[in-house]
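Taking the hints into account, I'd like the entire structure generated from these sequences.
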Amino acid sequence: MELILALDPTVVEITARSLAIAVTSTVIAAILTVPLGGLIHFHNFKGKRAVVNLIQTLYSLPTVTVGLVVFLLLSRSGPFGSLGLLFTPGGMVIGQTILISPIMTGLTIAALSGVGPAVRDTAVSLGASKFQAIFTIMIEARAAMLAAVLLGFGRALSEVGVAMMIGGNIRGYTRVLTTAIALETSRGDIEFSMALGIILISISLIVNLLVNRVQGNWWA
Amino acid sequence: MIEARGVWARRGGAEILKDVSLKADRGEILSIIGPTGSGKTTLIRVLNLLDPPNAGRVFFDGVDVTEDEKERFIARRRMSLVFQKPAMFSVSVEKNVSYGLRIRGISSHAIRDRVRSALRDVGLSGYEKRRAFSLSGGEAQRVALARALVTEPELLLLDEATANLDPRTAETIEDLIRGAGEDGLSVVMATHDLNQARRLANRVGVLVGGELVQLGSPEEIFERPRSEDVARFVRARSGW
Numbered sequence: 001m002e003l004i005l006a007l008d009p010t011v012v013e014i015t016a017r018s019l020a021i022a023v024t025s026t027v028i029a030a031i032l033t034v035p036l037g038g039l040i041h042f043h044n045f046k047g048k049r050a051v052v053n054l055i056q057t058l059y060s061l062p063t064v065t066v067g068l069v070v071f072l073l074l075s076r077s078g079p080f081g082s083l084g085l086l087f088t089p090g091g092m093v094i095g096q097t098i099l100i101s102p103i104m105t106g107l108t109i110a111a112l113s114g115v116g117p118a119v120r121d122t123a124v125s126l127g128a129s130k131f132q133a134i135f136t137i138m139i140e141a142r143a144a145m146l147a148a149v150l151l152g153f154g155r156a157l158s159e160v161g162v163a164m165m166i167g168g169n170i171r172g173y174t175r176v177l178t179t180a181i182a183l184e185t186s187r188g189d190i191e192f193s194m195a196l197g198i199i200l201i202s203i204s205l206i207v208n209l210l211v212n213r214v215q216g217n218w219w220a
Numbered sequence: 001m002i003e004a005r006g007v008w009a010r011r012g013g014a015e016i017l018k019d020v021s022l023k024a025d026r027g028e029i030l031s032i033i034g035p036t037g038s039g040k041t042t043l044i045r046v047l048n049l050l051d052p053p054n055a056g057r058v059f060f061d062g063v064d065v066t067e068d069e070k071e072r073f074i075a076r077r078r079m080s081l082v083f084q085k086p087a088m089f090s091v092s093v094e095k096n097v098s099y100g101l102r103i104r105g106i107s108s109h110a111i112r113d114r115v116r117s118a119l120r121d122v123g124l125s126g127y128e129k130r131r132a133f134s135l136s137g138g139e140a141q142r143v144a145l146a147r148a149l150v151t152e153p154e155l156l157l158l159d160e161a162t163a164n165l166d167p168r169t170a171e172t173i174e175d176l177i178r179g180a181g182e183d184g185l186s187v188v189m190a191t192h193d194l195n196q197a198r199r200l201a202n203r204v205g206v207l208v209g210g211e212l213v214q215l216g217s218p219e220e221i222f223e224r225p226r227s228e229d230v231a232r233f234v235r236a237r238s239g240w
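Respectively, the protein sequence lines represent chains A and E. So in the working numbering, the last spot in the first sequence is 220, and the numbers never skip. So in the working numbering, the last spot in the second sequence is 240, and the numbers never skip.
Derived by calculation from the structure, the hints in this document are not laboratory data. Be aware that one or more of the hints could be misleading.
Only pairs whose alpha carbons sit at most 27 Å apart, straight line, appear in this in silico DSSO-like list of lysine-lysine [claimed, not checked]:
{"hint": "1", "chain 1": "E", "residue 1": "K129", "chain 2": "E", "residue 2": "K95"}
{"hint": "2", "chain 1": "A", "residue 1": "K48", "chain 2": "A", "residue 2": "K130"}
{"hint": "3", "chain 1": "E", "residue 1": "K85", "chain 2": "A", "residue 2": "K130"}
{"hint": "4", "chain 1": "E", "residue 1": "K70", "chain 2": "A", "residue 2": "K130"}
{"hint": "5", "chain 1": "A", "residue 1": "K46", "chain 2": "E", "residue 2": "K85"}
{"hint": "6", "chain 1": "E", "residue 1": "K95", "chain 2": "E", "residue 2": "K85"}
Quick partial rundown of chain A residues pointing at chain E, CB under 8 Å, derived from the structure [as the list claims (entries may be wrong)]:
{"hint": "7", "residue": "D8"}
{"hint": "8", "residue": "T10"}
{"hint": "9", "residue": "E13"}
{"hint": "10", "residue": "G116"}
{"hint": "11", "residue": "A118"}
{"hint": "12", "residue": "V119"}
{"hint": "13", "residue": "S125"}
{"hint": "14", "residue": "L126"}
{"hint": "15", "residue": "G127"}
{"hint": "16", "residue": "S129"}
{"hint": "17", "residue": "G168"}
{"hint": "18", "residue": "N169"}
{"hint": "19", "residue": "I206"}
What the simulated footprint calls covered on chain E by chain A, stretch by stretch (three residues with Cβ under 8 Å from a Cβ of chain A suffice, anywhere in the stretch; the number is not a length) [stated by the list, open to error]:
{"hint": "20", "region": "17–24"}
{"hint": "21", "region": "65–77"}
{"hint": "22", "region": "80–88"}
In this text, all values refer to a predicted model and were calculated from it rather than measured experimentally. Just so it is clear, CB atoms sit at the ideal spot from N, CA and C, and this is done for glycine as well.
Now the structure itself:
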């Protein structure tokens, strides 16, 4: 607790980096997955159910598997090796974005499906164009969609596989809360690990409270 | 104003509407009565262009609006529908009522005045900031009516719009419908309340098993039913 209360520079630095990488991944994933989820939900096409099933299957994508695939893509001999993103925060953002995209897409689809057809009918009967009706449905699903984004953020922040394999846990550069906890525990610095663990749990708790608050406010 | 010509509607393999033809003129209140499952809601949805008919045509103000998406959109903006169980958007009452105005790009100043006036008309003055989800069933129904009327439609479609209201509120709504009709608004209302149809409508259509079995003045329908089906329905429901 002393390390947290005294705002130990290393603890603050690792926490700030973790948040920066997870927030960046979540923002990029949201920009990609919210429209993608909308596109899948609002269009009927052959194989739609299979696509949704595949997305749901990818919810539980093992972080080390994503880490391995992104590692191979970004490694020197990989197709994107020339970008020099391996063992950089940028590479970690790419990995986390891939990791959380399925759950955010799937939950966006679920959020939009949760809005009953009566809302669409009401909007259209009041003169809404197709685009306006879609926008109205998205507004109605805003609480569940924000919950999807926050859950994505929580997964990005708490994952360790991608951060370790793509980031490399380099001190002062790619070391984040989860990789630091793993390292310090193996070194026997339980006090430092505990401090970082408490911070990680606190952030997760705040995110959960935010999800509940947002849902409570908008669904009440 | 609105006309259905030879409309057929099939839902889930069943024929819901069978060759229905009817017309509501400007300023006319046309009531559609019929037993549960007779196709009243389907007919209202077809007239609102929410669902396309499987066969037949729908005309709005003389224009065929059955298929052309642009024409359907233009026609839909000139009419409003109040559902039996209205869906409220999860925002304030004011935002619900102003929805039709906002999507039409009306200025926020004009919106405020019109929303206030519409809420006053349905007896809900001061409800602007209330959350729509906190309303009772009757209040939500009145908000839905205000939401439908605030856009000043030329045609108002009502699907059992007073079914969930207490008698006093229903009377307020009926006065509003009657007044709107006198102001030139065309109204097509599906109802199972035969007395209401008798009180409000200029003409009444009887829908039985998806067929429009009789269309005429309230006197004709209630006093000179053309078939045994109509006679049985109007007498049973009127308590004669």
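Tested hints:
no.	hint	in the structure
1	K129/E <-> K95/E	holds (9 Å)
2	K48/A <-> K130/A	holds (21 Å)
3	K85/E <-> K130/A	holds (22 Å)
4	K70/E <-> K130/A	holds (11 Å)
5	K46/A <-> K85/E	violated (33 Å)
6	K95/E <-> K85/E	holds (19 Å)
7	D8	violated (44 Å)
8	T10	violated (45 Å)
9	E13	violated (42 Å)
10	G116	holds (7 Å)
11	A118	holds (4 Å)
12	V119	holds (5 Å)
13	S125	holds (4 Å)
14	L126	holds (4 Å)
15	G127	holds (4 Å)
16	S129	holds (6 Å)
17	G168	violated (46 Å)
18	N169	violated (44 Å)
19	I206	violated (25 Å)
20	17–24	violated (count 0)
21	65–77	holds (count 3)
22	80–88	holds (count 6)
In this structure, the hints that do not hold are numbers 5, 7, 8, 9, 17, 18, 19 and 20, in rising order.
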